[in-house]
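> Let the sequences and hints guide you as you build the complete structure.
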Amino acid sequence: MDSIVGKSSALTWAVNISVVLLVLLWTIPTFGLLVSSVRDKDQLVSSGWWTSFSKVERNLIKRSAPASEQSKVDDLYVLTGNVFGDKKGVVTAFGWRSQDPMAFIPGDSVPLRKGKMLQINADGSYLLTSPIPFTSKRGSRLFVTSIEEPIFTLNNYSEVLFAEGLGKSFLNTMTVTIPATIIPILIAAFAAYALAWMEFPGRAIFLAMVVGLLVVPLQMSLIPLLKLYTDVGIGKSYLGIWLAHTGFGLPLAIYLLRNYIAGLPREIIESARVDGANEFMIFVKIILPLTFPALASFAIFQFLWVWNDLLIATVFLGNNEEQLVMTGRLRELLGSRGGNWEILTASAFVSIFVPLMVFFSLQKYLVRGLLSGSVKGG
Amino acid sequence: MEQMLVALFTVVVGVLGCIAYFVGSNLLLDVIYPTSGKNSNQNIQRSSAIRPWLFMGPAIVFLVIYLVYPVINSIYLSFHGPSGKEFIGFKNYIWLAGDDKFRESLFNNMLWLLVVPAASTFFGLLAATLTDRVSWGNIAKSLIFMPMAISFIGASIIWKFVYDYRGEGDDQIGIFNAVIVHFGGEPQAWIAMPFWNSFFLMIILIWIQTGFAMVLLSAALRGIPEETIEAAILDGANPLQVFLKIQMPQMWNTIAVVWTTITILVLKVFDIVMAMTNGQWGSQVLANYMFDWMFRGHDFGRSATIALVIMVLVLPVMVWNVRNLKNEN
Chain A
0 MDSIVGKSSA LTWAVNISVV LLVLLWTIPT FGLLVSSVRD KDQLVSSGWW
50 TSFSKVERNL IKRSAPASEQ SKVDDLYVLT GNVFGDKKGV VTAFGWRSQD
100 PMAFIPGDSV PLRKGKMLQI NADGSYLLTS PIPFTSKRGS RLFVTSIEEP
150 IFTLNNYSEV LFAEGLGKSF LNTMTVTIPA TIIPILIAAF AAYALAWMEF
200 PGRAIFLAMV VGLLVVPLQM SLIPLLKLYT DVGIGKSYLG IWLAHTGFGL
250 PLAIYLLRNY IAGLPREIIE SARVDGANEF MIFVKIILPL TFPALASFAI
300 FQFLWVWNDL LIATVFLGNN EEQLVMTGRL RELLGSRGGN WEILTASAFV
350 SIFVPLMVFF SLQKYLVRGL LSGSVKGG
Chain B
0 MEQMLVALFT VVVGVLGCIA YFVGSNLLLD VIYPTSGKNS NQNIQRSSAI
50 RPWLFMGPAI VFLVIYLVYP VINSIYLSFH GPSGKEFIGF KNYIWLAGDD
100 KFRESLFNNM LWLLVVPAAS TFFGLLAATL TDRVSWGNIA KSLIFMPMAI
150 SFIGASIIWK FVYDYRGEGD DQIGIFNAVI VHFGGEPQAW IAMPFWNSFF
200 LMIILIWIQT GFAMVLLSAA LRGIPEETIE AAILDGANPL QVFLKIQMPQ
250 MWNTIAVVWT TITILVLKVF DIVMAMTNGQ WGSQVLANYM FDWMFRGHDF
300 GRSATIALVI MVLVLPVMVW NVRNLKNEN
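Keeping their order, the protein sequence lines are chains A and B. Under numbering that gives the first Met the number 0, the residue at position 369 of the first sequence is numbered 368, and the numbers go up by one with no gaps. Under numbering that gives the first Met the number 0, the residue at position 117 of the second sequence is numbered 116, and the numbers go up by one with no gaps.
Fair warning: there could be bad hints in the mix.
[Claimed, not checked] With beta-carbon atoms standing in for the labels, derived distance ranges:
#1 A:359 x B:86: 48 to 58 Å
#2 B:89 x A:26: 44 to 54 Å
#3 A:124 x B:121: 29 to 39 Å
#4 B:44 x A:267: 22 to 32 Å
[What the hints assert, rightly or not] Okay, the calculated bits of chain A under chain B, using three or more residues with CB under 8 Å as the criterion:
#5 80-93
#6 192-202
#7 219-227
Simulated from the structure, these hints should not be mistaken for laboratory data. For each residue, glycine too, the CB sits at the ideal point set by N, CA and C.
Rendered as structure tokens:
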């Protein structure tokens, strides 16, 4: 390939820049989610995440302390405090009427009605004075324009994990995923070996059946199985979903493993047969260890698929604390907390974190599996 | 924590159970038909006739219960009423033919079918050809491939944030509207726009599937013999001609695989629509409509009928796959 492109450095540059653009397009959405999930929730909704490292200018409406906190200094009634509360910020302008919220610069002492005076300093501290006692239980309205330092926090994560129940859902997802990943492998491996190397009538038909079932839409299976589960008494339970994922994962597992096992050298198997080993011994002692890469590929597929599944979990598991998986929880949060981006971004990131780790550490097997599953099988 | 222990226990029991079945049944076979002593030849023949079925047994049971039986049962249910008990003939099909929402779903599914496989394959091909030519191509591939690992619902949240809309005048916090405002356009609530919203949902699936297409196509590109390309260059072909006339024809098989795989996925698309619009604003698709009738409509008959429509749409690909398998053997 280099021979085509390498001749012109301008073209090389163009290719490099195009790849950079593609990569940016593909990563920016996820990156935005990650950055947003660690921002302060007030800043998150008031400015784009791409501005999150610069200072934020915001127009705030605050209230002074209520009348109950007033003290008397000399002849004046006084209310003091800080508009930022415990946080830090810099006031660049303030006002006391909504029509003109940026009328004054910090440090000015300005007259309000009935002889009251208001002063707001750059650090946010304010001083309200009045010749007559304050009466408002809610405090007076103060308009400030502030420049805030960017705030990054893990509070969003602690909130979703503990208060929103995502932690429990994380465990539920693990509970579904581990057995549903491991159990199909063994069942599929034996069937794959039989389809690859054993002679029996109907072998071709079974293989065709597996290939056909690969594409059967799951939607077909939902209602009949739901009815079957109710009749048999499995109902909505972990057992039911483990079995369902096993059944739905089998065609791909058998297909992938058969492709791999059929590609092993014939001599290995035949020399073992000549030595008098029976098929079971051959499978366990020779084939299974050799098949490890294909087993790993399938395990990753199945893991990602089960972890990320929403449909099967919604149908075969209940909607309660004990059974709601993370994808289901995300769906609920989308409905109930649709506008709370700090909750949604943090929850989404918790749910995609494990698959991303699996993806980046085991990508080699994933790619291998894809290639043997699709290219060879054509 | 307790249920995690139950899960781990299940893994152990399940795996041990499988092992016990396979070891036990094979041992039993060896005991019934010993391979030494008298009749050993006949016994070997018999046991090797039975053994494949021991190997295949559990898989067949699962496949039949979870995939074959449901197809048959769905056909049965499609001729029955909401509870699946009373026979109503073709009423479900007649209802379907006249149902507006069904037509909308079918229409949208067709739109998805036209756009998503084509766009994913196109971008996958673009990414494969470009990344193969830069030194940091593997890192680039890995990043473009990454969305594959993200759940549809997770991806929906990611993109809902991208499309987020604030009224004009407010700072946009969704990057898409922010870019539009930056270039002087008007911010819009994209996912609430009838017809066009489907395309914004499709972008999510294209974003996820491009990596898949790229991985397969990149492998296919590398599998093309160097000599054919070198010969073409010697003959004076320019890069575009090399790509269109030498590389593309040798990749048709892989392109077909990518295309059909994504087609199947598109027919089943559900999570994205459910999370983004739940079928509102004219964005309904078959899989979500089926789900609607199952859980909100509580009509198993109608729901099964819609599932059958998806199945019928999948059939051509299924037949094609099986025929390819035959040719290969």
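> Each hint needs a verdict: does it hold in this structure or not?
Now for the hints, and whether the structure bears them out:
The beta-carbon spacing between residue 359 (chain A) and residue 86 (chain B), approximately 54 Å, falls within the hinted interval of 48 to 58 Å. With their beta carbons about 51 Å apart, residue 89 (chain B) and residue 26 (chain A) fall inside the hinted range of 44 to 54 Å. One distance hint, 29 to 39 Å for the beta-carbon pair residue 124 (chain A) and residue 121 (chain B), is violated here, with the actual separation near 60 Å. Roughly 23 Å separates the CB atoms of residue 44 (chain B) and residue 267 (chain A), a value that falls within the hinted 22 to 32 Å.
With a cut-off of 8 Å between beta carbons, the region 80-93 of chain A has 0 residues touching chain B; three or more are needed, and the interface restraint is violated. Here the region 192-202 of chain A counts 7 residues with a CB under 8 Å from a CB of chain B, which clears the bar of 3, and the coverage holds. Using a Cβ-Cβ cut-off of 8 Å, 8 residues of the region 219-227 of chain A lie near chain B, which meets the minimum of three, so the contact claim holds.
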